[in-house]
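Quick note, the sequences are listed as chains W and L, same order. When the first sequence is numbered by this note's numbering, its final residue is 557 and no position is left out of the sequence of numbers. When the second sequence is numbered by this note's numbering, its final residue is 314 and no position is left out of the sequence of numbers.
Since the hints were derived computationally from the structure, they do not count as laboratory data. It is possible that part of the hints are untrue.
Unchecked claim - Just a few of them, taken from the derived set where beta-carbon distance is under 7 Å, the chain L residues facing chain W:
# : residue
1 : 92
2 : 114
3 : 133
4 : 229
Claimed, not checked - With beta-carbon atoms standing in for the labels, derived distance ranges:
# : chain 1 : residue 1 : chain 2 : residue 2 : range
5 : L       : 245       : W       : 315       : 42 to 50 Å
6 : W       : 438       : L       : 237       : 54 to 62 Å
7 : L       : 66        : W       : 530       : 43 to 51 Å
8 : L       : 181       : W       : 353       : 34 to 42 Å
9 : L       : 40        : W       : 518       : 39 to 47 Å
Each residue gets a CB set at the ideal place from its N, CA and C atoms; glycine is no exception.
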Amino acid sequence: MAANLGELQRLLRNLITAPEGVAARLEMERPPGGIEALIRGDDRVGAAGRVEIYAGMYFNRLLEGLREDFPGLLKMLGESDFRDLTREYLRAHPPSRPSIFHLGCFMADFIRDDPAGGGRPQFASDLARLERTLIEVFHAADVSVIDEAAMRRVPVEQWPAMRVRLVPAVAMLDLRWRVGETLSRVEAGGFEESQLAPEEHANTIMVWRKDGRVFYREIDDAERAGIIQARDGGTLAEIFEAIAVQSNAGDPVAELNRIIQRWIASEILTSA
Amino acid sequence: MKQADFAALGFGAGLRRPHYVHVLENNPAADWFEVISENFMVAGGRPIEVLEGVRARYPIVMHGVSMSIGSSDPLDFDYLRELRAAARRFEPAWLSDHLCWTGVGGHNMHDLIPLPHTEEAIRHVAARIRVVQDFLERPFAIENVSSYLTYRDSAIEEWEFLSAIAERADCGILLDINNIFVNAFNHRFDARAYIDAIAPERVVQFHLAGHSDHGAYRLDTHDHPICEEVWALYEYAVRRFGAVPALIEWDDNIPAFDVIESALDEARRRAAKALAESGSGRYGGQSRRIAAASSEPDHRS
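Just need the whole structure built from these sequences, with the hints factored in.
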């Protein structure tokens, strides 16, 4: 049977990516003359078996990609549930971009909104969001940063008017579960399963990149307020004020200096 | 675009993440590196830093896996713009991708799926390669893929299909020796007949890699050493095509870089032997270790 290129490719795509498997999908597609009319089989591998080679590679390649992107989620769900999650996720969000880097970009929202996901731990979406953010920060654009040397070149009296902005390689996440601690423990290894489940406690995590490596830590309300101000582009005076309003520190000036010095050491600021 | 339009780079290796630090710190004895284009089509971060460092020391070639040149979907110009931007930034000696389709209807399967060997596919792909070559502003080569199925509609052999497209598109051929070997088993043809049928002036690069044997079929997994049969086929190809740049690929179960260097030495030894037997010229790039990024690679004359 002669099929035009587009028809042939759409049929093969449907077969290769079918969550229900090639044989079941063939029953639905029913190409005239069967798959043997399109694909040559032989005594070693039949026509459908040849398509199944591609179907197996499709799922396993994407499963492997998601395993690499979400090691914490994999650890917390276990192999079998993670595999099921991958199958459901790919059904909802088949890969559409040329780079496999984008494959998992909907995972956190998918878990959060998945009506069939009742069996998954409630923190799974927060954990996926953190892990996805690590990847995005890893690949975020490079810009020149304000480092200690750059700060020293600015007269102290000009600091309040100095306008700064967050670099692209920094992100802030407001989370319901303390998944940062969970992920740290997964990365470190050696913890019992019972020690990995996160506490339900509203928290904010900052993710940033320095020297090509990605870091994350919980931040308090004062630092969070400062980050929001810096994200929108603000003067150091405005950032200081945002921090001071939220700060419970006994010595707000020392607190401001501590936070700014830490940001500069972390290379998260650039000139606005 | 023929051999003369592509630099004589010598013997190179695929640049993979486990080797980044080793390559940057030790300047290993590879003449050039091939990178997976999509891994460096990102805004910034460590991969970009690494490639800038490697590019300052070695010539590079950018090898893509997602152009989907054979898809019936329209060409993805967002992808091509990103690729062109990366090429302008890193100045590869050339770019390449696969003679296949990777998706349709906006669904990217991230796999290299073969095309039917039909006149329709030849016209379709050749026209698209011409557009891509013009757009990317650099020499472009198309690679034969490993495959596990063939289509009833295929009217000609794989080597005729590849040759016709390269000729009509006026592009280079990246000839993957392992893929020929794998396909020869999977589809029961003579690997040497394949090589004999390809026009020498079109072949601008070789790929050498390992595969896995699944009994009923062979899978192009790039996770094993290159087997003796593929080395022998490589020698046969060198005798026909001459001193073509060769690249060692290893994508899974990636060993320490000294294993890659041993494979490069073996490729040099095999190529020298084949060239001596055929009375052809020498490879370029063999004595090169560190070249300034600003120096243009030697072009064939």
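Each hint tested on the structure:
no.	hint	in the structure
1	92	5 Å, holds
2	114	6 Å, holds
3	133	6 Å, holds
4	229	4 Å, holds
5	245/L - 315/W: 42 to 50 Å	45 Å, holds
6	438/W - 237/L: 54 to 62 Å	55 Å, holds
7	66/L - 530/W: 43 to 51 Å	44 Å, holds
8	181/L - 353/W: 34 to 42 Å	40 Å, holds
9	40/L - 518/W: 39 to 47 Å	42 Å, holds
Violated hints are absent here; each numbered hint is respected by the structure.
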